[in-house]
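Asker: Residues per chain are reported as follows:
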Amino acid sequence: MPKTQFIDPVEVRNSGFIEFSPIPVNQYNKSVEEERSNFSDKELLYIFRDMAIIREFETMINLIKTTGEYQGVPYNHPGPAHLSIGQEAAAVGMAFTLDINDFIFGSHRSHGEILAKGLSAIEKLDDASLKKVMEEHFNGETLKPVIEGHTGSTKELAIKFLLYGTLAEMFARKTGFNRGLGGSMHAFFTPFGVYPNNAIVGGSGDIAVGAALYKKVNRKKGLVVANLGDASMACGPVWEGLTFAAMDQFKELWKGDMKGGLPFILNINNNQYGMGGQTCGETMGYNMAARIGAGVNAEQMHAERVDGFNPLAVIDAYRRKRKVIEDGKGPVLLEVMTYRYCGHSPSDASSYRTKEEVEAWEEQDSINWFGEELVKAGVVSLTQLNNIKSEITDLLVKTLKLAIDPAVSPVLDLEQNPEIIGDMMFSNGSIDKMEDRTPDVNHPMAENPRVQALTKKERFMFDAEGKPFSKVKQFQIRDAIFEAVIDRFYKDPTLVAYGEENRDWGGAYAVYRGLTEALPYHRLFNSPISEASIIGTAIGYAMCGGRVIPEIMYCDFLGRCGDEIFNQLPKWQAMSGNVIKMPVVIRVSVGSKYGAQHSQDWSSLCTHIPGLKVVFPVTPYDAKGMMNAALQGTDPVIFFESQRIYDMGEKFHEGGVPEGYYEIPLGEPDIKKAGKDITIVSIGATLYRALDAAKILEEKYGLSAEVIDARSLVPFNYELVIESIKKTGRVVLASDASSRGSYLKDMANTITELAFDYLDAPPIVVGSRNWITPAYELEQYFFPQPEWIVDAIHEKILPLPGHTVKNNFTTSEQIRRNKLGI
Amino acid sequence: MAVPVIMPRQGQSVETCIIGSWNKHKGDAVKKGDVLFSYETDKASFEEEAKEDGMLLDIFFNEGDEVPVLVNVAVIGNPGEDVEAFRPGGVAVASPASVEEQKSEPVVEKVLETSAATVSQSQREDGRVFASPRAKGSAEKNGIDVAKLAGSGPEGRVIERDVEMAAQTMPRMTSLAKEMIKQEELVSKGEGTGLGGRVSSADLVTPNQVYAQDFELQKLSNIRKLIAKAMHASLQNSAQLTHHMGADARKVLELRKKFKKDFEAGKVSQNVTINDFVCMAVIRALKKFPQVNSHFLGDQMRIFNKVHLGLAVDTERGLMVPVVRNADDLSIEGLASQLKAVAEQSRKGSINPELLNPEAASFTVSNLGNYGVEVFTPVINLPQSAILGVCTVVPRPADLGGGVYGFVPYMGLSLTYDHRALDGGEATLFLKEIKLQIENFEL
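Line order of the protein sequences matches chains A and B. Counting from 1, one number per residue, gives the positions in the first sequence under the numbering used here. Counting from 823, one number per residue, gives the positions in the second sequence under the numbering used here.
Chain A with its partners taken away, still in its complex shape (with noise of 0.2 Å):
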């Protein structure tokens, strides 16, 4: 909501049309012979070479899952192949014109374009160049099967190891480009350019755009192409990243260099079908994709239908589309009309269409149509063309020998090493920045004045004699975030903060005020209300080599964001084999006192996914401590703040929150209160309610408890908490999340099977009642109260004398409950 942009009523009001332009579709139509002056002989030679080797290595696929065995070597794969056998002119023609700034993320039908992409990288490469990719790439472990013996030129060599490293990752060998933990549908070579395919329809949708983001905000060369397929413009992040990619400020309010479109372009391989829907004619509205781009933006994303068929169509798209990206008019569309002979996947029958018409395309085959058309134009001769097919089936047949050889290409041994992939799903780095160059900010930090006013602030919630300072003198939680940030953003250049109203308005809980004012648009900027593209970016950019903190206002989003946060974000550093770093920090708030669908507490959903580092800070000394080691890191963390209590000043860090620099560890919970009868395990803002009930235990009962703050979830050290209940045999665990499937269940069980002999009760968990989150009037019925705890130590753990309940937590009510599923 930028005051620079007057919003005028009678502008509004008026009257008239919107005009669109016409789209291109299929306009090229020059003949090989006419562009030869556009290409050298080689340059076409290469395009033929790059599309056989493709037709090749996927053939070859085919063959393996259909029949068992190619050219006479047997191999069983019994993992995934969706090929593109068909589609090659359109990957070729895509790659052709990219060089190894140029970054590609792709589908699970990526074989053809990690080929044509990784084909054309070899070629811009000089050997000196190559060599080092191929060397530093795992200390040489993939470059070694295809060394041995080799003797021709490096890039030969360069070529063999492209082969071979995505076979071997394509059947899970170590080998492989990434360990063979990311395979067919995921494999990826960044050194070439090569980002990570994404087996989720429209999984990269988002992704790619947070990478051209990347490239823009840090200055660095070349565009991003996300290659998804027809069938995915239906998906919701897709038209998310679009959104992003296309927002007005980029154009607008971005200052200086910064200003212009993101380098960004979205290829839709176009090949007619979804799996077996039809998306023209049957499963889609938009008769060609390419009028999307129209619903976009005014420049209707530059959107152009390309015929895929023809490799040198589509190099001429690339050369024109580049031209569009330098002079930052970006984003831009690009259809290209293709079509795969063979099914979505090998058991695929295709009975969804007629021999007919899979012939009909076979007649005008891009490969032997492209031959003809060289022999044709002199450029080549047909025997020159068959030598180099020849020399690809050995080329793919000794690759193929290689590839399954365990003894030269073995599977990761987790029999000797069983954690070797425990070990690969959190990189655990400490970075103070991820760039070593001067940070874009506005003043030095110094002079901003929400950090000048902080300067005013108690840092310790009480006075010498014990009384609090009034809440506008407290250093409060909402500070402490905003000094952990504050301090990164002035260390480290790549960090980028976006979401919802961060911006002008400083977020919806006064957390970022105070930074608009120190840092610029490309910095800090308010993204579309999408929460997939929010985080979809954020991991693009992070992907990349930036650092980023993305916000979601209200944990109740993260269903809006699920694949991202659930499918993407925890995994591409395990499935990247280590080669990717992921250093996300996601603000989460948690909200009360809105109802249903802004007052959940998610945290435990996020703890079930592998990969994803969960905290939850609740004072001000941890909030600032536990983020400065959240940004230090190189992992992602979902980082859960509670609406209930920004405004907490510091109650037990003695000294109050240091002014300086420190980290507190991510996994090690806090005692906030010491005590010695019954241990209370309170995660969130449920800690000051915690504290509350250990009063009442005191007060009454004659109880002491020792309240232990979990601080985080994942990871979580629980020798604190095994320590405390050797001392009080007792357990209680208390969030605001609801109980049935919560995090706290998870505890209690681990807590039971390491402190069994320890324990006088099982331990027993106080969370919110498996209802809709009702009104902030009835709050008190539904989040634990202090009281709900002191009644389930009644019931469950130690009868106190004289004591009445008001909450049932007896068996027969928890049977009911359960039965009943509320």
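Take these hints with a grain of salt, some might be off.
Claimed, not checked - Listed next, the in silico SDA-like pairs over lysine to any residue satisfying Cα-Cα at most 25 Å (straight line): (1) K726(A) x E977(B); (2) K676(A) x E698(A); (3) K726(A) x A972(B); (4) K958(B) x N749(A); (5) K958(B) x T810(A); (6) K1041(B) x G886(B).
Note that these hints are calculated values from the structure, not bench results. Values in this document were obtained by computation on a predicted structure and should not be read as measured data.
Position chain B against the provided structure of chain A, taking the given hints into account.
Answerer: Only chain B this time, still in chain A's reference frame:
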């Protein structure tokens, strides 16, 4: 109307008291002012008088029981009145002295009976016992069979507190050991080695043949235990050594004679002893050497502005060191009067426990002169930095001037100081100052 008799609270730091003896018994008629029972704290003993006339309807604690302060110990009222409302909730903490199992056994049964009532029938129908893992562990350690306990936990589960309660009240001797003592005239050799510290058959020995029964095992009184602990701690935890010096006592002997005469003649209200003069000399010396008027606290020292003088007093129950606070504000008569008062209160056991706290005094004087001790090494009352031992007066040859030597009465002074707090030179100068103050005593 029945009224309870509570265990009085003697001083802020006192949490429990031990009942010494009951002068009245259940059913006795009592008059206001009658001594009901005696009790002792760590540091002193007291008597509790009846505050009402009536009948002693019930007594809740026995001699030797440790009772929290402000808890009801007895009820006075009219015959037939109900006393249950006054009965304290918990069972008394078993006194270490009450090892006679006849006394404690019925209590166990009572506890079991009361909690048995809370066991839900369904839990026991199939004969299974539900006990928490922690309770099982504790039961095993204490040699208690959880099957014999009734659970007070949820749904009748035996929980840790049930085992703890049973452990507190369980017999101190196994049945076999009990029987063997009766039959074979064996004796227990001390602490039991059985489960939960119970005396088992293996702990029994035949009585010592050489000494036979020629000894009596005496339990230490609380005050004895406390002295033992304090003295041991003092010698273990400080660096103490003693300097000895003599002071010409002629001046104070003369003054003492004068006061005695004046007192007998009724000219002064307060007699003044030699010890009072010495104490006054010490107070004056301390004012000149504030470093000595101090507590040593490890990494810091507490230097007092005022002199709080401790005086070692021998009582029937043992050594006590009451303090006279702000002793430097007093005249010689005032000091004499106050020293006498605290010494008498200590002997009677009516001293305020706060005045016996070693932290209360800044310096202590221990006088063994009356007993003819010529030299000794007093032990510092930690955390004080020093203590002065006053010895008997003996005649010693001295230069009377002009080459004439004669016998002069000399009083021995033994200063023990903590070398961590003071150096030898400092201590010597301080001792010398006491000597000068005694030799040149001025009223």
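Asker: Each hint needs a verdict: does it hold in this structure or not?
Answerer: Here is what the structure says about each hint:
1. Proximity of K726(A) to E977(B) is assessed by CA-CA distance (about 23 Å); at most 25 Å being required, the pair is judged to hold.
2. Among the hinted pairs, K676(A) with E698(A) is consistent with the structure: their alpha-carbon atoms are about 11 Å apart, no more than 25 Å.
3. Distance restraint check for K726(A) and A972(B): the Cα-Cα separation of roughly 24 Å lies within the 25 Å cut-off, and the hinted pair is therefore satisfied.
4. A distance of roughly 20 Å separates the Cα atoms of K958(B) and N749(A); the hinted pair therefore holds under the 25 Å criterion.
5. For the hint pairing K958(B) with T810(A), the CA-to-CA distance comes to about 24 Å; that is within 25 Å, so the pair holds.
6. Proximity of K1041(B) to G886(B) is assessed by CA-CA distance (about 11 Å); at most 25 Å being required, the pair is judged to hold.
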